[in-house]
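*Asks:* Sequence:
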Amino acid sequence: MLSAALVVFALTGPPVDLGADYQLGGAYRPAEGVGVVARDRRAQPASGAYSICYVNAFQAQPGARRWWLSRHPDLVLRSAGKPIVDKNWGELLLDTGTKTKRKALARIVGRWIDGCGRSGFDAVEPDNLDSWQRSKGLLRRRDNVAFAQLLIRRAHRAGLAIAQKNAAGLAAARMFDFAVVEQCQRYRECARFTRAYGDQVLEIEYRRKDFDEACDARGARLPIVYRDVNLVPRGSRGYRFATC
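The letter at position 68 of the sequence shown is residue 68 when you use the working numbering, and the numbering goes up by one with no holes.
If you're looking for bench data, these hints aren't it; they were derived computationally from the structure. These numbers were taken from a predicted model, which means no experiment stands behind them. Certain hints may be false.
[What the hints assert, rightly or not] Now the in silico label distances, taken between C-beta atoms and shown as ranges:
1) Val229 / Ala191: 18 to 26 Å
2) Trp67 / Asn88: 14 to 22 Å
3) Thr100 / Val229: 33 to 41 Å
4) Ala191 / Gln44: 19 to 27 Å
5) Leu69 / Arg153: 24 to 32 Å
6) Arg42 / Gly90: 15 to 23 Å
7) Lys209 / Asp17: 36 to 44 Å
8) Pro83 / Leu18: 38 to 46 Å
9) Ser79 / Ala242: 36 to 44 Å
10) Arg240 / Thr100: 37 to 45 Å
[To be verified] EDC-like mimics (lysine to aspartate or glutamate), calculated; alpha carbons at most 16 Å apart, straight line:
11) Lys136 / Asp86
12) Lys87 / Asp130
13) Lys101 / Asp74
14) Lys103 / Asp74
15) Lys209 / Asp228
16) Lys99 / Asp74
17) Lys209 / Glu182
Just so you know, even glycine gets a beta-carbon here, dropped at the ideal spot from N, CA and C.
Based on the provided sequences and hints, a complete structural model is requested.
*Replies:* Following this line, the structure appears as structure tokens:
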């Protein structure tokens, strides 16, 4: 059994006085000074770092399309029988529209969250919280909020902190333990997250201009990362990485 002290540590967001890296496209050794690392749930956590486990909770990874359609076709959002797809990333939207489906999804995603805990991650980052905005009106904001609440309970039961990923309109409710935010400088959303979560915000920017502006504005108090949009591993063509 975890001691009370360890549970408190596990549910704390990332330290703000260390550099961070966002390694969803492939794991590699963190640079010197980096103490916060986000990786895909199938990767191992970074040794000695506060490790965040990425889980695509509200949409299906492109490589998992066949699995969802064959194993759980009823949990894929559809219009006139055809799956709804996030065309930017080629991802199927998952159907959070009923209590029964949310519970079924929570059993699947919950096992992934439990796996993050067993692997030694400190926190989980469920992606695509804002999927209702791409659902062609078939999902409602409250559907995703209700599903998120199931995931929050599951993460805490596994001893993991849990991050709000993007979806600035939900920040004020502060349902989560901290936030992981992409391109908030570009879209002028950062203040909405810092008002809700204080310094418990991990910011990722994909344009150098936005990164430089973010560092000037908040770099002394938040972990801010500059990455290439495809998040390729170090040594790969197109790799970009910097911290403030």
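*Asks:* Next, verify each hint and record whether it holds.
*Replies:* Going down the list of hints, with the structure as the test:
1. Take Val229 and Ala191: their Cβ atoms lie about 23 Å apart, and the range 18 to 26 Å holds.
2. For the pair Trp67 and Asn88, the supplied restraint of 14 to 22 Å holds, since their beta-carbon distance comes to about 21 Å.
3. Checked against the given bound of 33 to 41 Å, the beta carbons of Thr100 and Val229, roughly 36 Å apart, stay inside it.
4. Taking the beta carbon of each, Ala191 and Gln44 are about 35 Å apart, not inside 19 to 27 Å as hinted.
5. Checked against the hint of 24 to 32 Å, the C-beta distance between Leu69 and Arg153 comes to roughly 28 Å, which is consistent with it.
6. Roughly 18 Å separates the CB atoms of Arg42 and Gly90, a value that falls within the hinted 15 to 23 Å.
7. At roughly 26 Å, the beta carbons of Lys209 and Asp17 sit outside the given window of 36 to 44 Å.
8. Under the hint 38 to 46 Å, the C-beta atoms of Pro83 and Leu18, about 41 Å apart, fit the expected range.
9. Hint check: Ser79 to Ala242, Cβ distance near 42 Å, so the stated range 36 to 44 Å holds.
10. Between Arg240 and Thr100, the C-beta spacing of about 43 Å keeps the proposed range 37 to 45 Å intact.
11. Pair hint Lys136 plus Asp86 holds up; C-alpha atoms about 10 Å apart against a cutoff of 16 Å.
12. Proposed proximity of Lys87 and Asp130 is supported: the alpha carbons are some 15 Å apart, at most 16 Å.
13. With a CA separation close to 8 Å, the supplied pair Lys101 and Asp74 stays within the 16 Å bound.
14. Pair hint Lys103 plus Asp74 holds up; C-alpha atoms about 13 Å apart against a cutoff of 16 Å.
15. For the hint linking Lys209 to Asp228, the alpha-carbon distance of about 13 Å falls within 16 Å, and the restraint holds.
16. The straight-line distance between the Cα atoms of Lys99 and Asp74 is roughly 13 Å, inside the 16 Å bound, and the hint therefore holds.
17. The hinted pair formed by Lys209 and Glu182 meets the criterion: a straight-line CA distance of about 14 Å does not exceed 16 Å.
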